[in-house]
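Engineer: Make a model of the complete structure from these sequences and hints.
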Amino acid sequence: MARLRDPQNGCPWDVQQDFSSIAAYTIEEAYEVADAIDRQDWTDLCDELGDLLLQVVFHAQMASERGLFEFADVAHAISAKMLRRHPHVFGDTRYADLTEQMQAWEQIKSAERAAKGASMDDSALAGISTGLPEWKRAYKLQQRAAATGFEWPGPEPVLEKLAEEVEEVRVEFADGADPARLQDEIGDVLFVMVNLARHAGVDFSQALRHANAKFERRFRQMEQLAAAEGTAFAERTLDEQEQLWQRAKQAERAS
Numbered sequence: 005m006a007r008l009r010d011p012q013n014g015c016p017w018d019v020q021q022d023f024s025s026i027a028a029y030t031i032e033e034a035y036e037v038a039d040a041i042d043r044q045d046w047t048d049l050c051d052e053l054g055d056l057l058l059q060v061v062f063h064a065q066m067a068s069e070r071g072l073f074e075f076a077d078v079a080h081a082i083s084a085k086m087l088r089r090h091p092h093v094f095g096d097t098r099y100a101d102l103t104e105q106m107q108a109w110e111q112i113k114s115a116e117r118a119a120k121g122a123s124m125d126d127s128a129l130a131g132i133s134t135g136l137p138e139w140k141r142a143y144k145l146q147q148r149a150a151a152t153g154f155e156w157p158g159p160e161p162v163l164e165k166l167a168e169e170v171e172e173v174r175v176e177f178a179d180g181a182d183p184a185r186l187q188d189e190i191g192d193v194l195f196v197m198v199n200l201a202r203h204a205g206v207d208f209s210q211a212l213r214h215a216n217a218k219f220e221r222r223f224r225q226m227e228q229l230a231a232a233e234g235t236a237f238a239e240r241t242l243d244e245q246e247q248l249w250q251r252a253k254q255a256e257r258a259s
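Residue numbers for the sequence shown follow my numbering, so the first one is 5 and each next one is one higher.
Simulated from the structure, these hints should not be mistaken for lab results. The reader is advised that the hints may include incorrect statements.
What the hints assert, rightly or not - Quick list of in silico lysine to aspartate or glutamate cross-link-like pairs, DMTMM-like style, CA-CA up to 25 Å:
| # | residue 1 | residue 2 |
| --- | --- | --- |
| 1 | Lys218 | Asp188 |
| 2 | Lys85 | Asp126 |
| 3 | Lys165 | Asp126 |
| 4 | Lys85 | Asp45 |
| 5 | Lys144 | Asp101 |
| 6 | Lys120 | Glu110 |
| 7 | Lys113 | Asp207 |
| 8 | Lys253 | Glu110 |
| 9 | Lys140 | Glu155 |
| 10 | Lys113 | Glu74 |
| 11 | Lys140 | Glu32 |
| 12 | Lys140 | Asp126 |
| 13 | Lys140 | Glu189 |
| 14 | Lys218 | Glu233 |
| 15 | Lys144 | Glu160 |
Unchecked claim - Pairwise CB distance ranges (calculated):
| # | residue 1 | residue 2 | range |
| --- | --- | --- | --- |
| 16 | Pro11 | Phe219 | 41 to 51 Å |
| 17 | Val93 | Ala255 | 25 to 35 Å |
| 18 | Glu110 | Ala232 | 14 to 24 Å |
| 19 | Thr134 | Leu57 | 21 to 31 Å |
| 20 | Ala81 | Gln111 | 16 to 26 Å |
| 21 | Met106 | Pro137 | 19 to 29 Å |
Think of the CB as a built atom: it goes at the ideal place given N, C-alpha and C, for glycine as much as any other residue.
Structural biologist: Quick look at the structure:
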């Protein structure tokens, strides 16, 4: 990577990059790792993990050039963090159960944030990155709040809250669908959906990825069914398209 970044003999594209321009690629590579896992393509996973590792090396090299830190510092930092956060593995601490361990985990993280002195914010919600995908930030906000006792007792009241928020969206449409208010109300629905997934022990992002994949499979099947009957899918009426959708669903369930 040092050679690729060499101003005289390196790759012009690599030389031009900075932390900000590479950040999007880092996120993309992480998603491609998740995609390979979803597809259970272990050969591709190996390849994608290499791409993700390259991103770490890239950022570390740029940091080294600016005198910020070295790759070895990155490795040392994560090793030290794992030691601190697992006193029950690398020390003599013992927890009664997983719940107690997770509470201790959050306490250790809180102490780490305080030690950094980066913020005087003593809120339970302090330190949750605004750079996270919004669904993930919603999950972490809810998780931190739950650790203080501010938590629904189970999924049933969350479902009731979801129905309430959906009804507010319906009312907003009936009242003229003001864009700003719709954004607010739909945001509430999405926030509650993340909470429901959290209570169900379901990864929100993975659930949505699976839903996307299911929709794509069925849509492609509809296109194939229409083509087999000599017409383009887009030329079908909405009722005919719905019939194709039902056929695609039935074919998928039968397979």
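Engineer: Using the C-beta atoms of proline 11 and phenylalanine 219, is the stated range 41 to 51 Å upheld?
Structural biologist: holds, 47 Å
Engineer: Is it true that the C-beta distance of valine 93 to alanine 255 lies inside 25 to 35 Å, as the hint says?
Structural biologist: Once the Cβ atoms are compared, 49 Å apart, the range 25 to 35 Å for alanine 255 and valine 93 is violated.
Engineer: Taken at face value, is the distance from the CA of aspartate 126 to the CA of lysine 165 at most 25 Å?
Structural biologist: violated, 29 Å
Engineer: For the pair supplied as a hint, lysine 140 and aspartate 126, is the alpha-carbon distance within the 25 Å limit?
Structural biologist: Holds, at roughly 21 Å.
Engineer: Check the following: the C-beta atoms of threonine 134 and leucine 57 are separated by a distance inside 21 to 31 Å.
Structural biologist: holds, 26 Å
Engineer: Does glutamate 155 sit within 25 Å of lysine 140, going by the straight-line distance between their CA atoms?
Structural biologist: holds, 17 Å
Engineer: Is the straight-line distance between the alpha-carbon of lysine 218 and that of glutamate 233 25 Å or less?
Structural biologist: Answer holds: lysine 218 to glutamate 233 is near 23 Å, not above 25 Å.
Engineer: Against the 25 Å threshold, does the CA-CA distance of lysine 144 and glutamate 160 hold or violate the hint?
Structural biologist: holds, 21 Å
Engineer: Against the 25 Å threshold, does the CA-CA distance of lysine 113 and aspartate 207 hold or violate the hint?
Structural biologist: Distance of about 22 Å is within 25 Å: holds.
Engineer: Hinted pair, alpha-carbon criterion (25 Å max): lysine 144, aspartate 101. Please report holds or violated.
Structural biologist: holds, 21 Å
Engineer: Sort out whether glutamate 110 lies within 25 Å of lysine 253, counting only the CA atoms.
Structural biologist: violated, 43 Å
Engineer: For the pair we were handed, lysine 120 and glutamate 110, check the Cα-Cα distance against 25 Å.
Structural biologist: Within the cut-off at roughly 15 Å; holds.
Comparing the model with each earlier hint shows violations of hints 1, 3, 4, 8, 17 and 18; every other hint is respected.
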